[in-house]
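There are 6 protein chains.
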Amino acid sequence: MSPLNFTHILAQTVDELSESESYKGLFHQHTDGNPLPSGKALQQIVELTRAIVFPGYFGISNVNSRTLKYHIGVYVEQLFDQLTEQILAGLCFAGDGQEDGCCTEQLRQQAAEKAAGFIATLPEMRRILATDVEAAYNGDPAAHSFGEVISCYPAIRAISNYRMAHQLLCLGVPLIPRIITEMAHSETGIDIHPGAQIGHHFTIDHGTGVVIGETCIIGNNVKLYQGVTLGAKSFPLDADGKPIKGIPRHPILEDDVIVYSNATILGRITVGRGATVGGNIWVTEDVPAGARIVQTKAKK
Amino acid sequence: MSPLNFTHILAQTVDELSESESYKGLFHQHTDGNPLPSGKALQQIVELTRAIVFPGYFGISNVNSRTLKYHIGVYVEQLFDQLTEQILAGLCFAGDGQEDGCCTEQLRQQAAEKAAGFIATLPEMRRILATDVEAAYNGDPAAHSFGEVISCYPAIRAISNYRMAHQLLCLGVPLIPRIITEMAHSETGIDIHPGAQIGHHFTIDHGTGVVIGETCIIGNNVKLYQGVTLGAKSFPLDADGKPIKGIPRHPILEDDVIVYSNATILGRITVGRGATVGGNIWVTEDVPAGARIVQTKAKK
Amino acid sequence: MSPLNFTHILAQTVDELSESESYKGLFHQHTDGNPLPSGKALQQIVELTRAIVFPGYFGISNVNSRTLKYHIGVYVEQLFDQLTEQILAGLCFAGDGQEDGCCTEQLRQQAAEKAAGFIATLPEMRRILATDVEAAYNGDPAAHSFGEVISCYPAIRAISNYRMAHQLLCLGVPLIPRIITEMAHSETGIDIHPGAQIGHHFTIDHGTGVVIGETCIIGNNVKLYQGVTLGAKSFPLDADGKPIKGIPRHPILEDDVIVYSNATILGRITVGRGATVGGNIWVTEDVPAGARIVQTKAKK
Amino acid sequence: MSPLNFTHILAQTVDELSESESYKGLFHQHTDGNPLPSGKALQQIVELTRAIVFPGYFGISNVNSRTLKYHIGVYVEQLFDQLTEQILAGLCFAGDGQEDGCCTEQLRQQAAEKAAGFIATLPEMRRILATDVEAAYNGDPAAHSFGEVISCYPAIRAISNYRMAHQLLCLGVPLIPRIITEMAHSETGIDIHPGAQIGHHFTIDHGTGVVIGETCIIGNNVKLYQGVTLGAKSFPLDADGKPIKGIPRHPILEDDVIVYSNATILGRITVGRGATVGGNIWVTEDVPAGARIVQTKAKK
Amino acid sequence: MSPLNFTHILAQTVDELSESESYKGLFHQHTDGNPLPSGKALQQIVELTRAIVFPGYFGISNVNSRTLKYHIGVYVEQLFDQLTEQILAGLCFAGDGQEDGCCTEQLRQQAAEKAAGFIATLPEMRRILATDVEAAYNGDPAAHSFGEVISCYPAIRAISNYRMAHQLLCLGVPLIPRIITEMAHSETGIDIHPGAQIGHHFTIDHGTGVVIGETCIIGNNVKLYQGVTLGAKSFPLDADGKPIKGIPRHPILEDDVIVYSNATILGRITVGRGATVGGNIWVTEDVPAGARIVQTKAKK
Amino acid sequence: MSPLNFTHILAQTVDELSESESYKGLFHQHTDGNPLPSGKALQQIVELTRAIVFPGYFGISNVNSRTLKYHIGVYVEQLFDQLTEQILAGLCFAGDGQEDGCCTEQLRQQAAEKAAGFIATLPEMRRILATDVEAAYNGDPAAHSFGEVISCYPAIRAISNYRMAHQLLCLGVPLIPRIITEMAHSETGIDIHPGAQIGHHFTIDHGTGVVIGETCIIGNNVKLYQGVTLGAKSFPLDADGKPIKGIPRHPILEDDVIVYSNATILGRITVGRGATVGGNIWVTEDVPAGARIVQTKAKK
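Chains G, V, X, L, C and B, in that order, give the protein sequences.
Note that numbering that gives the first Met the number 0 has the first sequence beginning at 0, numbered continuously upward.
Note that numbering that gives the first Met the number 0 has the second sequence beginning at 0, numbered continuously upward.
Note that numbering that gives the first Met the number 0 has the third sequence beginning at 0, numbered continuously upward.
Note that numbering that gives the first Met the number 0 has the fourth sequence beginning at 0, numbered continuously upward.
Note that numbering that gives the first Met the number 0 has the fifth sequence beginning at 0, numbered continuously upward.
Note that numbering that gives the first Met the number 0 has the sixth sequence beginning at 0, numbered continuously upward.
Quick caveat, the hints were computed from the structure, so don't treat them as lab data.
Keep in mind that the hints are not guaranteed to be accurate.
For identical chains, the list gives no copy identity; a pair is met inside one copy or between any two copies.
[As the list claims (entries may be wrong)] Listed below are the simulated EDC-like cross-link pairs for lysine to aspartate or glutamate, each with C-alpha atoms no more than 20 Å apart in a straight line:
{"no.": "1", "residue 1": "K39", "residue 2": "E133"}
{"no.": "2", "residue 1": "K68", "residue 2": "D80"}
{"no.": "3", "residue 1": "K39", "residue 2": "E186"}
{"no.": "4", "residue 1": "K68", "residue 2": "E20"}
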């Protein structure tokens with residue numbers, strides 16, 4: 000093939016790929032002046048939040064009690080600015096159809112209110128995350144200290160991202176919550192939908208392959224192992240064959256439930272308080288409180 | 000231990016590690032003038048391709064329809080240059096034994112032809128990926144828009160990488176396809192071998208732990224959940240006890256099949272059109288069209 | 000909400016988050032002059048080790064046999080310096096309570112001894128990793144060359160990190176070993192505790208979701224597939240309800256065992272030499288040597 | 000000194016430095032939502048402009064005539080966006096006193112108009128810079144090609160920055176023009192005020208130490224050597240002893256003037272067409288057209 | 000030349016360059032455990048200091064009066080840590096001959112005291128730099144605001160670095176002061192030795208080529224133009240022909256002196272209060288108070 | 000102005016700037032497969048050379064005599080590879096007109112020979128630079144140690160770059176030498192043409208504004224101060240009015256000459272052995288050996 004031919008192929012491909020028909024639905028048109036959601040900025044937002052909640056473990060590490068307030072002051076300030084910008088970007092992204100741009104003062108004001116709302120919940124978020132750390136420590140004989148749990152355990156990373164994302168979802172922020180949980184999904188293999196509701200002292204051991212669906216309700220003191228699915232069994236379609244949004248379709252786990260590795264629990268069923276679900280099983284019906292179910296014995 | 004002893008230990012270890020006997024088979028000898036495969040460059044190639052296929056979602060985000068052609072022109076140009084260089088590096092890597100270097104004009108010409116060949120298929124690749132996006136959107140009540148699916152869903156990332164890698168494999172490019180699918184494997188936990196053949200409207204929900212082997216054949220409208228394995232049951236060895244390459248040994252899934260989480264389907268069996276495979280089961284025999292198989296009920 | 004209100008909310012949140020009561024157990028207080036463990040430095044340490052063990056595949060790639068010794072000399076030197084610094088940081092981190100700082104000459108000397116001790120085992124580590132590469136190659140018909148296995152296979156990445164971490168644990172280094180195995184966990188979905196003992200010719204196929212617990216003992220020529228758990232069934236608590244540390248609680252796999260995907264093996268049981276454990280099953284009792292156990296057949 | 004004392008010293012210094020009295024006039028108060036001038040962004044703006052004017056020499060270098068338009072399209076687009084943002088930042092910075100923020104639609108519209116105005120002059124700017132390149136090449140026997148002049152000569156760098164900055168100044172952009180000429184000053188030691196007016200075929204040999212003041216007027220075909228000052232002799236003060244702004248106070252150099260190294264020409268005097276000013280002299284009176292003035296001979 | 004020859008040449012050159020005779024006096028031997036001066040760290044130290052002195056102009060720019068104290072607190076903390084480390088490195092570098100390493104507690108304590116001493120002078124340094132800014136503003140009709148002077152004027156950059164470096168020199172810190180003034184020299188072409196003594200309201204116009212020697216004494220309200228040298232005329236040698244250190248050999252400029260561009264003032268002479276030195280002249284004798292000296296008129 | 004108008008302006012400007020007439024002589028057309036000169040790579044080449052010549056002062060600083068050879072081995076290897084690539088790029092750049100690409104084996108072989116030739120002169124270059132360091136130390140009472148001179152003095156930086164560039168020029172490498180001296184010009188304000196010939200024990204004090212022309216010949220033990228010009232007085236033009244290349248037109252300075260600040264010496268004149276040229280003067284005629292010339296006394 001001669002260089003001339005390369006030229007021809009490339010130029011023709013550019014033409015094809017630039018035809019508007021060919022990118023219908025796959026192209027995010029940008030309106031001038033609108034901020035854009037940025038994965039990198041969201042990464043920083045997560046890291047700032049982590050640095051505020053677990054000072055010294057994340058963020059600038061040589062902080063001590065004398066300088067702690069200076070550092071938290073700066074982190075909170077940066078978090079407010081960056082989060083406002085990203086929430087605004089999320090609002091713009093969601094409202095694609097609006098013709099007239101969205102760098103309106105009104106929308107920016109809304110974004111700032113949501114960002115401040117998020118920050119105001121950080122003290123409470125720290126209180127709950129402290130219970131998650133405690134649960135992970137108490138649940139693992141291999142753990143040597145809270146410090147090790149906070150710095151190394153993927154469950155803490157995934158649950159932190161979930162708790163941030165869930166809070167943002169409650170504040171009505173679009174898109175951003177899902178991006179934040181997907182970051183943790185990619186890093187830890189733990190996929191918690193931001194819409195799930197999860198109590199305190201929650202822990203996940205190892206965690207790779209865990210899936211927690213959008214409408215799950217999980218009580219306090221629940222422990223999951225790797226590979227556990229809390230999923231939907233099926234979902235109703237509308238007249239056009241599209242799934243109907245927002246219908247409860249994932250399990251409810253009451254307080255003190257344990258689910259072992261690779262168990263799959265599907266549909267709007269309830270696993271009662273204190274029940275234990277053995278590994279590698281497929282559960283689609285209610286499990287009574289205190290019950291213990293396991294796989295049929297393997298054959299040799 | 001005195002500093003003198005450290006010196007001695009380090010120097011001796013360097014000597015041992017530099018003996019040619021000790022690195023036999025573990026050392027990639029470089030021939031001057033040969034380009035080298037670069038993980039970073041391949042990452043950019045994947046990002047460029049994504050930016051071409053889904054403009055505005057990936058790459059420079061403030062693109063609009065007026066400037067789209069400029070941007071695609073630049074991306075395609077960069078892709079051609081970088082891909083040519085990496086394909087050449089892959090060809091050199093594979094032909095290790097050749098004594099006389101490989102920055103030959105002939106090999107470079109081959110690399111450029113393969114790169115141009117890849118680019119020429121991008122419009123078709125976009126058309127198929129559009130069906131995958133549609134399938135993911137229709138299959139998940141939690142999805143709010145195509146935009147959310149394209150920007151956040153790990154399945155789209157993994158399937159995109161697979162479709163690029165498969166195309167490169169078909170063009171006879173060594174090593175590079177596997178590196179590209181392993182990138183997605185690391186990010187998403189979804190491991191699709193570039194040799195697999197997969198139809199349109201393909202989707203994977205959540206995805207962590209999915210394995211799709213080299214000789215799988217998957218029809219259209221197939222949906223997999225997390226933890227599904229489409230693997231080999233066993234493989235014949237040659238006279239030296241080495242596995243024989245290239246023998247079909249993975250399942251065939253016909254159109255409209257659904258496989259639930261953590262199911263394992265092994266060997267060159269066929270799951271017939273429209274069949275449903277329940278979760279957490281182990282399947283090593285053909286499944287008839289339209290069948291629905293599930294795990295034996297757990298005992299309490 | 001007026002800007003004044005934002006100011007008020009942020010300032011009040013900073014105050015709450017700076018109260019010492021609120022960060023009890025979640026704050027890593029830094030003592031001036033102490034080095035700090037650094038994820039980035041540990042990443043470099045892993046990459047340096049990989050570059051020493053597999054020259055030309057990792058690290059500076061255009062190395063040839065003439066210059067190999069220069070490169071290994073420099074890598075070993077850098078590894079010694081960086082590892083000494085990080086081990087010292089690990090020792091400081093673990094000994095939090097000590098009032099008087101820890102940049103003592105004595106502790107630094109200890110750290111240097113451990114770093115030199117680690118380096119001295121690299122030739123042996125290379126010999127064992129060579130057997131792991133061989134096992135992966137022989138066990139996968141899709142593998143084209145040792146080179147492909149070394150550069151792309153997640154199992155090699157995870158097993159390399161494990162072997163480094165295990166060596167550091169044996170040398171009495173705190174915290175760092177776990178961080179190193181968690182890096183591989185995040186990249187590959189394979190979670191091997193640094194405390195496990197694993198023989199030569201070990202391989203893991205695909206690997207996402209594999210969990211190998213702290214007190215596992217694995218013989219030679221063992222092969223695991225994705226999603227396999229070698230876990231604890233339960234663990235005794237002390238009088239305060241805290242788990243007792245260090246009790247053997249994970250399985251023993253003798254030589255030549257194969258475990259298929261998503262199998263869960265729990266407790267201090269023994270899987271005898273040459274046994275095969277089928278996929279998606281739950282095993283909590285000893286498996287005799289040479290046995291083959293599989294899941295109860297699915298129902299249709 | 001004990002650690003306690005350090006704590007005391009640092010805390011007290013922070014207090015002193017945070018008293019509003021102490022930073023009066025030295026503190027740039029930020030208003031939320033206002034963009035901020037960014038040295039890094041301005042550096043990119045200069046590089047984009049250079050890449051547009053001298054394609055292939057600056058910016059992405061592997062451009063060819065086939066892809067030139069794609070690249071210029073992308074550069075112009077990026078330039079428009081970034082320049083709009085920085086001009087807006089400059090307008091905000093200049094209008095410090097305004098209470099009510101300045102991310103007004105009106106100001107952003109102004110900024111966009113100025114950015115578009117700047118871009119519209121780029122073709123003319125390229126035409127003039129081509130004459131400067133030609134003059135540098137013709138004036139230096141050591142120059143081998145236009146390419147060498149464009150890529151290496153500090154004069155071209157300094158004159159390019161000046162021509163951009165002058166254009167922005169003419170469009171009424173505050174602050175930014177000066178930052179752009181100071182960038183070149185730092186890199187080349189050539190200090191041209193953006194307010195100066197300079198004709199075509201302008202060149203500066205070597206250049207370090209050249210100063211060209213705000214109200215200079217320089218004709219066509221003028222050549223300066225290193226260390227030449229075109230400065231002010233004195234300037235009138237107002238009633239408060241502050242200098243009065245904007246009064247012509249720097250020299251006029253007519254066409255075809257040459258000024259040798261380290262000559263100092265001060266005040267609103269005129270150096271007539273074709274005059275030559277020798278090196279190391281101090282000129283404060285008009286020089287007639289065609290004259291040649293030199294230093295009094297040194298004594299031995 | 001064959002590849003074999005290249006190998007030979009390179010290997011032989013490595014051997015020659017590694018002979019200890021060949022690098023005598025040109026090799027900085029590193030002692031394990033000693034910190035090393037770092038240009039990058041010193042750059043950050045200068046930037047931190049600038050951010051503390053001129054908040055909002057340097058450092059994080061979106062600071063406001065509410066958050067100023069948080070930011071200054073963090074900057075001062077970082078400055079203390081980084082400066083202690085670099086001063087320690089400077090002390091080690093200077094004391095090369097000491098056999099026994101220098102990461103002694105005693106030396107680190109000294110370094111911390113000097114760092115705290117430096118920080119304690121920052122409020123006073125800000126007061127003096129404010130007078131320099133005022134002098135630059137009043138002395139230049141082209142200046143529009145204090146803000147423009149602080150952000151763009153090379154003189155402020157050079158004088159800031161000098162005032163920091165001078166303070167460190169007074170505290171007995173070796174090497175570091177000179178590195179800090181050379182940074183400004185490279186960026187601005189203004190070369191002020193850290194040993195010079197300079198009063199308040201000091202300004203330099205344009206500045207490229209200015210040289211101010213080690214033993215200069217400069218009063219208040221002095222103004223220099225570009226290319227001015229305040230140098231040594233000659234210096235006495237010791238018995239070995241080496242220059243004797245520390246003898247006053249540079250000029251004294253009393254209050255209110257102005258020196259025009261490219262003037263050279265050499266030796267321990269005094270330029271009296273209020274004197275004006277014209278440009279391009281060579282001055283080696285005292286200039287009386289109030290005098291005005293200029294170059295002999297050029298000839299035509 | 001409406002967005003529509005912006006669109007129109009930008010699109011029209013792109014069109015104008017893409018017309019081939021408009022970029023004639025200002026566009027560097029790239030031929031596929033040709034390497035491109037890279038400022039960043041040349042920066043690394045200079046740094047590698049500096050790290051080889053002055054080990055421990057530049058490059059990785061924690062080198063000691065035990066590991067020196069490993070480090071120099073790696074640096075020399077990297078230097079050879081990078082320099083070969085850049086020399087090849089320089090040869091391609093210079094031979095623009097050639098139609099058929101230039102990644103020919105023959106040209107690459109030439110580039111490698113020149114790179115090896117450069118490396119072979121490094122031991123001699125180190126010997127001469129050692130004399131330059133000695134001269135700087137002996138000539139400056141403010142210098143405390145060789146170490147300070149090597150790490151901080153701009154003259155050493157500029158002379159190092161010159162000596163590298165001169166060697167490359169002697170080997171027939173185009174473009175690259177000039178880029179290397181311009182790097183030092185930008186950093187130090189010292190502009191030495193790579194074509195100049197300069198003896199040992201050469202030093203420049205302060206240095207900003209020094210210019211040394213292409214055909215200068217400078218003996219041993221010569222010292223220049225800041226602002227000194229060794230330039231051309233005039234140069235003959237050819238029939239087309241273009242300067243004739245390569246004619247000797249710059250001064251000859253014999254051994255032991257000193258030239259004080261801001262002196263300008265022009266034309267192919269000779270300054271005799273041991274002569275002293277005072278500051279701020281203009282010299283266009285031969286200066287006898289041992290003479291001392293100074294400026295006519297200033298008038299008051």
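Hints and how they fare:
Proximity of K39 to E133 under the C-alpha cut-off of 20 Å is found in neither arrangement, the shortest distances being 31 Å within a copy and 27 Å between copies. For a Cα distance limit of 20 Å, the shortest separation of K68 from D80 qualifies both inside one copy, at 18 Å, and across copies, at 17 Å. Taking the shortest alpha-carbon separations for K39 and E186, both the intra-copy value of 15 Å and the inter-copy value of 16 Å come in at or below 20 Å. In this assembly of identical chains, the alpha carbons of K68 and E20 lie at most 20 Å apart only when taken from different copies (14 Å versus 55 Å within one copy).
Consistency note: the structure conflicts with earlier hint 1 alone.
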